[in-house]
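*Asks:* Chains as they are written, first to last, in this note's numbering: chain A, 1 to 246; chain B, 247 to 492.
For the record, the hints were derived by calculation from the structure and aren't laboratory data. Glycine residues also receive a C-beta, built at the ideal position from the N, C-alpha and C atoms. A hint or two may mislead.
Derived Cβ-Cβ restraints for the label pairs, each shown as a range [said to hold, decoys possible]: (1) B/431 <-> A/117: 27 to 35 angstroms; (2) B/275 <-> A/87: 52 to 60 angstroms; (3) A/204 <-> B/251: 30 to 38 angstroms; (4) A/117 <-> B/463: 50 to 58 angstroms; (5) A/202 <-> B/348: 31 to 39 angstroms; (6) B/442 <-> A/88: 50 to 58 angstroms; (7) A/167 <-> B/441: 34 to 42 angstroms; (8) A/34 <-> B/347: 46 to 54 angstroms; (9) A/117 <-> B/348: 30 to 38 angstroms; (10) B/332 <-> A/185: 19 to 27 angstroms; (11) B/332 <-> A/199: 44 to 52 angstroms; (12) A/68 <-> B/463: 17 to 25 angstroms.
Number of protein chains: 2
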Amino acid sequence: MTEHRYPDDDRVAIYRVIRERRDTRHFRPGAIDPAVLQRLLEAARFAPSVGYMQPWRFIRITDPSLRRAIHALVRAECEETAAACGERAEEVRRLKLEGILECGELLVAALTEGRERYILGRRTLPEMDLCSVACAIQNLWLAARAEGLGMGWVSLFEPDELAQLLNLPEGARPVAVLCLGHVDAFYPEPLLETVGWDTRRPAEETVFENGWGRPAKLPKRVCEKRSERPEGKEPGAQKPECTSGT
Amino acid sequence: MTEHRYPDDDRVAIYRVIRERRDTRHFRPGAIDPAVLQRLLEAARFAPSVGYMQPWRFIRITDPSLRRAIHALVRAECEETAAACGERAEEVRRLKLEGILECGELLVAALTEGRERYILGRRTLPEMDLCSVACAIQNLWLAARAEGLGMGWVSLFEPDELAQLLNLPEGARPVAVLCLGHVDAFYPEPLLETVGWDTRRPAEETVFENGWGRPAKLPKRVCEKRSERPEGKEPGAQKPECTSGT
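Next comes chain A alone, as it looks inside the complex:
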């Protein structure tokens, strides 16, 4: 407990949005308010970046023919992916993987060119620039959820073909097609969990201590004293004060 800790209600909201953010593929029609879009892009701009390089670029797709061309690229890769998935090919073909034609707003996120000039924090780990773009997208994603909008990160495309379509300069690289839009409802859990593709890994499989595979000596389930819980919040759903791996 520190003096810099946010008020309980604020922490609840922050843990809630982290839990309720979903990779969204089902949208209902309707444009996004430009003021909201601006806020989301601003949230992205406040992401951390290695050496403060801010390597992210966002391309808003408002030309319908360009949107259709991106959709065609993605559909082609969905089929390539299914074919590459062997025994799970049919399962992949049944998955809803994108909502490019339905979403109200389509963005492409890319790494900018000329990144080799940035060395701080990247000499041995040049891929840190990509981490910065991912953090920016995660900011945008969380802000979108708070605004009541769904977002899906589609990475099913040939990056060189998408780069050509959007006139990316040599050295720039698209890393995400972001479908953003209104939804009837948010999935109660990740869609790939609902359809049985995979399950959420228990915490103890992903947290070690002092070396790979050595179990962490953290309590399995930690609840704060009830008196510290924020008042007037529903139990269940986000449960930020009670962090068992459910």
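Here the structure of chain A is known, so what remains is to put chain B in place on it, guided by the hints.
*Replies:* Coordinates of chain B only, in the frame set by chain A:
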């Protein structure tokens, strides 16, 4: 405006934490409450991941000798980086780049092994696994800020040496040394801005429309109607409703 939009106060808190998160290198002593640490790791666990692969692993460093060994690795790379920075070498040497020995809690984040088995969303963009780890770290970072704790993402190390130190299996790769701890104060702006290393890029340089370099036709400054602003919040600081690029 949708029915899924969070209440104004909650949105304010979420935009606030996005703006107030800082890459932190100055810590004051003091352990982290295990319940808080558990919440932070749980926030990471709820990150998005490509094909739901959840490729992140976190290693908590509680052994002081291991912490010192990690510190030595990082200091060595700081010097290599400075030397590689040519005319900015002395500037790099003066930068405070990590707080490994001072922070209350040290974590290493890594990509797990065996990732080649995951194809969905990665056939053409295998690096999406790294994006998933970055999103998990960003969740943890935002949650830490809300808990009043600072965090720094240090990427100054030789990954193979750190992998060896922590017995990572073949194919796993460390991507972050995370310093987490109490702070006297949060930087009012990114430290690399304060010391004159670089400045925040204006929004119009990072958002295009329908193709690289084509200016987006979004309003430069968008404020919601005053009546829509949350009540009882101080102006200034986060200003979530008013998104000019300042």
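*Asks:* Hints first: check each against the structure and report whether it holds.
*Replies:* Going down the list of hints, with the structure as the test:
Taking 27 to 35 angstroms as the suggested C-beta distance range, the pair residue 431 of chain B and residue 117 of chain A conforms, at roughly 32 angstroms. Evaluation of the 52 to 60 angstroms hint for residue 275 of chain B and residue 87 of chain A yields a pass: the beta carbon distance comes to about 54 angstroms. Distance hint check for residue 204 of chain A and residue 251 of chain B: the Cβ-Cβ separation is about 36 angstroms, which falls inside the suggested range of 30 to 38 angstroms. Range check, residue 117 of chain A to residue 463 of chain B: Cβ separation about 30 angstroms, and the 50 to 58 angstroms hint is violated.
Between residue 202 of chain A and residue 348 of chain B the CB atoms are about 32 angstroms apart, so this pair conforms to the stated range of 31 to 39 angstroms. For residue 442 of chain B and residue 88 of chain A, the Cβ-Cβ distance of about 52 angstroms falls inside the hinted range of 50 to 58 angstroms, so the restraint holds. At roughly 36 angstroms, the beta-carbon separation of residue 167 of chain A and residue 441 of chain B lies within the given 34 to 42 angstroms, and the hint holds. Distance hint check for residue 34 of chain A and residue 347 of chain B: the Cβ-Cβ separation is about 48 angstroms, which falls inside the suggested range of 46 to 54 angstroms.
At about 31 angstroms, the beta-carbon gap between residue 117 of chain A and residue 348 of chain B stays in the expected band of 30 to 38 angstroms. Hint check: residue 332 of chain B to residue 185 of chain A, Cβ distance near 54 angstroms, so the stated range 19 to 27 angstroms is violated. At roughly 50 angstroms, the beta carbons of residue 332 of chain B and residue 199 of chain A sit within the given window of 44 to 52 angstroms. The hinted range of 17 to 25 angstroms is satisfied by residue 68 of chain A and residue 463 of chain B, whose Cβ atoms lie roughly 20 angstroms apart.
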